[in-house]
Amino acid sequence: MREVYLDHAATTPPYPEVLKALQESYATIYGNASSLHATGQKARRALEKAREDIAKLIDAEPEEVYITSGGTESDNIALFGTEALYPGQPMITSLIEHEAVLESAKALESKGHPVRFLPVDTNGVVDLNALKAYLEEKPFLVSVMAANNEIGTVQPVKEIAKLAHERGALVHTDAVQAVGKIPINVRELGVDMLSASAHKFYGPKGIGFFYLRKGVKVLPIVQGGGHERGLRSGTENVPGAIAMALALKISTRLFTRTHYRYERWTAQILSKCGEIGGFRLNGHPQQRVPGLLSLSFKRINGEALMELLDMNGVAVSTASACQSHSAKRGYSHVIQSLGIDEEYANGTIRVSLGVENVQEEVDFFCEILKKCVLQLRGYRNGQ
Amino acid sequence: MIYLDHYRTTPVSEAVVSKMAPFFRDDFFLPEPFTKRGTKAEEIIEQANRTLLDTFHLKTGEVMYTSGGTAANNIVISGVLRDVEPSQAHAVCAVIDHPSIVHTYEYYRKKGVSVTFLKVDDDGWIDPEELRWSIQPKTLLVSFTHVNHTIGVIQPLEQLLPIIKERNPNTRIHIDAAVSLNAMDLDLTKLPIDFLTFSGHKIYGPKGIGAVVFRNNGLLKPTLFGSVTTSPFTPGAENIPGIVGLAEALRLAAEKRATYRLKTRRLQERAINLIESDIPDVVLNGPKPTSFGNLDAIPTQRAVDNINFSFRYVEGESIMLFLDFEDIVVATGSACASSDLKVNYVLSAIGRDHEMAHGSLRITPGWDNDEEQIDRFVDRLKPIVSRLRAQSTLR
Amino acid sequence: MVNKYSPLLTDHFMNPRNIGRLTDYTFKVESDHLKDGDQIVFYVDLENGRVKDISYKIQGCPRVIAASSFTSELVKGKTISEVLEIKEDAIAERLGITDPSFVCIRLPLATLQRKLKEYVSG
Amino acid sequence: MAVIRYSEKVLEHFRNPKNIGLIENADGQSTVGSPACGDQVSMFLKVEEDRIADIKFLSYGCASNIATGSIITEMAKGKTLAEAKAITWKDAVDELGGLPPVKIHCSVLAIDGLRAAIQDYEEKTTGVKSERKVDEMAILDELKKVIYPKNGINIVDTNMIRYLSFEEGTIYIEVSLEETDVFKQNVLEEIYEHLEALPGVDKVEIKVVEY
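Residue numbers (our numbering), protein chains in the order written: chain E, 1 to 383; chain R, 1001 to 1395; chain Y, 2001 to 2122; chain S, 3001 to 3211.
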């Protein structure tokens, strides 16, 4: 049976070039980057080169880029690294953040920081009027994601940063679903902190980066040998950093090509959904990450649709890839926040296209999708 | 190149690289319940868990994967201490433990947790009596490093750990085995260890991955927050290639341990004998290795793959750089070579004065070395030391 | 934890038996505990204290679909008291989902048994 | 984490230091620094007609310590004493093609050694102990020899000295350093080492402030 992978928002396979770079550096660069001798220096240079490359691609200074173990750690640094400096002050985030920010924010709440959650409109865009109101409470931090992982809506981070800075708050953006997928320029966005994860843009797992604007103070959340200028202890994952920089470079180069293809395929998929009937596309119609589609089908259980697609050789996800565990029922916090009709909300799947997908796979998916939706509706209607 | 700095990091063995290979592009999926790809990913992690538990002789237990040894030690210590009322908590570690332990306890000490930093004797050993009396009713956690990362001293776990549980059965024990596992077997059915931490890149596995093996998570509270699939302590996407690499590296380390011990022990003996006979005014830091005569004996005093000497009248960074010119890689405890200009705290703790600590070299052989390389290393080292001594103010 | 569907569960999910609405039935029963628009409706035809025929319509997760299908096969032809004696865990075990947090796997049988008890007691 | 990288010229002077050794019956000599801090330099001078006819040094220290000793002796050789005294550590660092910030203190030490050796010569020949009066300016000058390893600039110009007083043999200073600064201990030790050596100073009290 055919296997079509349409779950790139969960994780992506590294580009072949990236894999090659990774494996080569496993073999050649085994010095520890913090060490003074030539082997260590070779590793150090490679690490700094990777840092420079990443910095260039997001318009940051190399010393503003810190290598971490991934998006979750970066998000945790942003919240827990700043909170101790502003005891008792509130923070603002949104209702549709990824768990890495949401769960951290809840933990901050228990440490005495009131947390305000910004609501979103039906398209998943955060409410700027609510932001303005909450900013009156003198929050120390505003953390709003650059692009949502379930519905793909791109947030007005630039406006958010401007409003927050006027009130003296720090601004963090979880850009895990944005970096490598849409152009990201930290200067233009005006954020103080940004999180990214390599495995979302065809880099390896277990590595990510954290942008920290020069002059912004953050305390380390991991104690140890003082690597990454004291912010992030632990032996530097040099091969991972090299591979991540290369992956980001390639992803950026491919923007035009992938965006064109994703648009065409999106139109094709939506037209098939129209044929099936009883569906809605979630998220903002224009301000969205290309290739990420959140589709809700009326009177269908999303998990059943995902499983049935899987059994027919197509991999998509329902809600967020990491979350659909055990007895947890219902649909995700993101879909809930959109305030859409329950009949639809329950039947939501996420389809995320990737660079290695081809036309035949999209054609195949469209046919299978129709078959599966109709099959499940048949169960419901007793046919 | 003669690479003698395996305690810092090791190359990834080819067997490990090829074991990891399919998980980058072919089976790159993340674990997820019920879907084919997701359950396969879960099974891969389960297999790795099994390998880890088997290696430590555990039938049941839990494993969590971290971004490395530092993160593993932080997850354990912070996991126990972060949410407790500081005045009601006490913890113990040794002054010579790895920075990821010492600095983390230092952080909690500042937050009001009382922490005992156990002193060590001139060879680096913890005093069992001091350990005994350090354990209090409110002692939540004791951490120490099994094999020390600087001087290779092996703490006698069989002797020390029962003392802790005897004094307070509720105290959890955390052992950092980062540089132990190439040479040492740890049988967790015989040792009352609650948390064991280590990392991939010290055992010929990849960087960016480490693990905590534990019987049950009991006291631990999560310290990182995010989406959880496999362990609430390590949220976020699972680094499956890394996990596979770590498990394979550990399996190979266990499989080849006897050979490794024989090999590095010969190299250690040769290096120590040559340096002591050819270079005057040197002092071995850390305990003497157990009798050289019996190569089959399991070492109990000093790890077989660690050599650490102080060279009187000279400074370590200079020696290290001259060796580097000859493509020989070692490490030094000199403050000049450290990023914070502090002299090596392990050497200070075993009573070396600043001058001796500055003039120290750590030589850690591994799989890729042979006798001929050790001879060449000492051969090059000799003129470097005498030359630097000739120009020293202290001669 | 490895969560993997057994071949039996997969088969019942992909090809559920007895889907539909009986034209003649003694009673119909709707499940509670399902939310978000999901639902099961069983149609049961009793004859001489025996389940002569059974069918259902369903919207729900794969587990509840498979469990409904499996349960319908299991009870068909059994007497009411035989049906009431079936252990909830028996179905869970047969379908390979033993984690007690999966309420959905037990729900179809529980729903039927609840209604049958009501029916018997009048 | 500082990136420590040496220029080719530093490595060359480290590998093949000029003027290494000791001059018997030197006209002026000095030893500065201490092995406890990891660096010590001894300087030896031969002076003819107010000019440095020969100069040699010994070093217990790291690569940059040896390289700066080498370059400074090269620069001083043949110069008049006045010219030699005017050489600054910045000149030496420039001549070496730069030093990592964390290593600047090595060149300061070598310049100190050179000046101390010249002073030793001048005291021997004139018989006058040229003791500069210790006042707040002199203390500041001494503090300018303490380099903040993070940026390679001295702690005075880095604006880390927030308060300074000198009363009855006690120097009291406030230094701005963050609790988490990795170089905190190092900076404090260097301040003690420099100030305690000043004549007429019995006690140095340092208060670390975080502003």
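The set of hints was computed from the structure by calculation and includes no laboratory data.
No residue lacks a Cβ here, since even glycine has one placed at the ideal position from N, Cα and C.
One thing to keep in mind: the hints can contain errors.
[Said to hold, decoys possible] FRET-style restraints, in silico, Cβ to Cβ: (1) R:P1280 with S:E3210: 30 to 40 Å; (2) R:Q1047 with Y:Y2025: 45 to 55 Å; (3) E:P285 with Y:E2093: 40 to 50 Å.
[Claimed, not checked] Take a look, some chain S residues computed to stay more than 12 Å from chain R by CB distance: (4) I3087; (5) K3103; (6) V3134; (7) L3164; (8) E3174; (9) E3189.
[As the list claims (entries may be wrong)] No more than 16 Å apart at the CA atoms, straight line, and that leaves these computed lysine to aspartate or glutamate pairs for EDC-like: (10) E:K111 with R:E1043; (11) R:K1342 with S:D3181; (12) E:K217 with S:D3141; (13) Y:K2004 with R:E1046; (14) E:K106 with R:D1083; (15) R:K1111 with S:E3179; (16) E:K217 with S:E3210; (17) E:K217 with S:E3179; (18) R:K1040 with E:E3; (19) E:K217 with S:E3178; (20) R:K1110 with S:D3181; (21) R:K1110 with S:E3178; (22) E:K111 with R:D1324; (23) Y:K2004 with R:D1324; (24) E:K42 with R:D1324; (25) E:K20 with R:E1043; (26) R:K1036 with Y:D2011; (27) S:K3150 with E:E63; (28) R:K1036 with E:E63; (29) R:K1110 with S:E3179.
Results of checking the hints against the structure:
1. A hinted range of 30 to 40 Å for the beta carbons of P1280 (chain R) and E3210 (chain S) is inconsistent with their spacing of about 48 Å.
2. A beta carbon spacing of about 50 Å between Q1047 (chain R) and Y2025 (chain Y) agrees with the range 45 to 55 Å that was offered as a hint.
3. Roughly 48 Å separates the CB atoms of P285 (chain E) and E2093 (chain Y), a value that falls within the hinted 40 to 50 Å.
4. Under the 12 Å C-beta cut-off, the non-interface status given to I3087 (chain S) relative to chain R holds; the minimum distance is some 21 Å.
5. For K3103 (chain S), the non-interface assignment is contradicted: its Cβ lies about 8 Å from the closest Cβ of chain R, within the 12 Å cut-off.
6. Distance check for V3134 (chain S) against chain R: the nearest CB is about 27 Å away, which clears 12 Å, and the non-interface claim stands.
7. Look at L3164 (chain S): its CB is around 24 Å from the nearest CB on chain R, clear of 12 Å, so calling it non-interface holds up.
8. The beta carbon of E3174 (chain S) sits about 21 Å from the closest Cβ of chain R, which is more than 12 Å, so the claim that it is off the interface holds.
9. Separation of E3189 (chain S) from chain R is inadequate, the least Cβ-Cβ distance of about 9 Å not exceeding the 12 Å criterion.
10. Simply put, K111 (chain E) and E1043 (chain R) have alpha-carbon atoms about 37 Å apart, too far for the 16 Å limit, and the pair is violated.
11. For the given pair, K1342 (chain R) sits about 12 Å from D3181 (chain S) by alpha-carbon distance, which is consistent with the 16 Å threshold.
12. As the CA atoms of K217 (chain E) and D3141 (chain S) are separated by approximately 31 Å, the hinted pair breaks the 16 Å bound.
13. The straight-line distance between the Cα atoms of K2004 (chain Y) and E1046 (chain R) is roughly 13 Å, inside the 16 Å bound, and the hint therefore holds.
14. Taking the CA atoms of K106 (chain E) and D1083 (chain R), the gap is about 14 Å. The hint holds against a cut of 16 Å.
15. Between K1111 (chain R) and E3179 (chain S), the direct Cα distance comes to roughly 13 Å. Compliance with the 16 Å bound is thereby established for this hinted pair.
16. Straight-line distance between C-alpha atoms of K217 (chain E) and E3210 (chain S) comes to about 13 Å, which keeps the hinted pair within the 16 Å bound.
17. Among the hinted pairs, K217 (chain E) with E3179 (chain S) is consistent with the structure: their alpha-carbon atoms are about 13 Å apart, no more than 16 Å.
18. Of the supplied pair hints, the one linking K1040 (chain R) and E3 (chain E) holds, its CA atoms being roughly 14 Å apart against a limit of 16 Å.
19. At roughly 12 Å between alpha-carbon atoms, K217 (chain E) and E3178 (chain S) fall within 16 Å of each other, so this suggested pair holds.
20. Among the hinted pairs, K1110 (chain R) with D3181 (chain S) is consistent with the structure: their alpha-carbon atoms are about 15 Å apart, no more than 16 Å.
21. Restraint check: the Cα-Cα separation between K1110 (chain R) and E3178 (chain S) comes to about 14 Å, which is no more than 16 Å; the hinted pair holds.
22. Of the supplied pair hints, the one linking K111 (chain E) and D1324 (chain R) is violated, its CA atoms being roughly 50 Å apart against a limit of 16 Å.
23. As the CA atoms of K2004 (chain Y) and D1324 (chain R) are separated by approximately 54 Å, the hinted pair breaks the 16 Å bound.
24. With a C-alpha separation of about 12 Å, the suggested pairing of K42 (chain E) with D1324 (chain R) holds against the 16 Å cut-off.
25. Proximity of K20 (chain E) to E1043 (chain R) is assessed by CA-CA distance (about 26 Å); at most 16 Å being required, the pair is judged violated.
26. A hinted pair counts as satisfied when its Cα atoms are at most 16 Å apart, and K1036 (chain R) with D2011 (chain Y) qualifies at roughly 15 Å.
27. Proposed proximity of K3150 (chain S) and E63 (chain E) is supported: the alpha carbons are some 14 Å apart, at most 16 Å.
28. Taking the CA atoms of K1036 (chain R) and E63 (chain E), the gap is about 42 Å. The hint is violated against a cut of 16 Å.
29. Pair hint K1110 (chain R) plus E3179 (chain S) holds up; C-alpha atoms about 11 Å apart against a cutoff of 16 Å.
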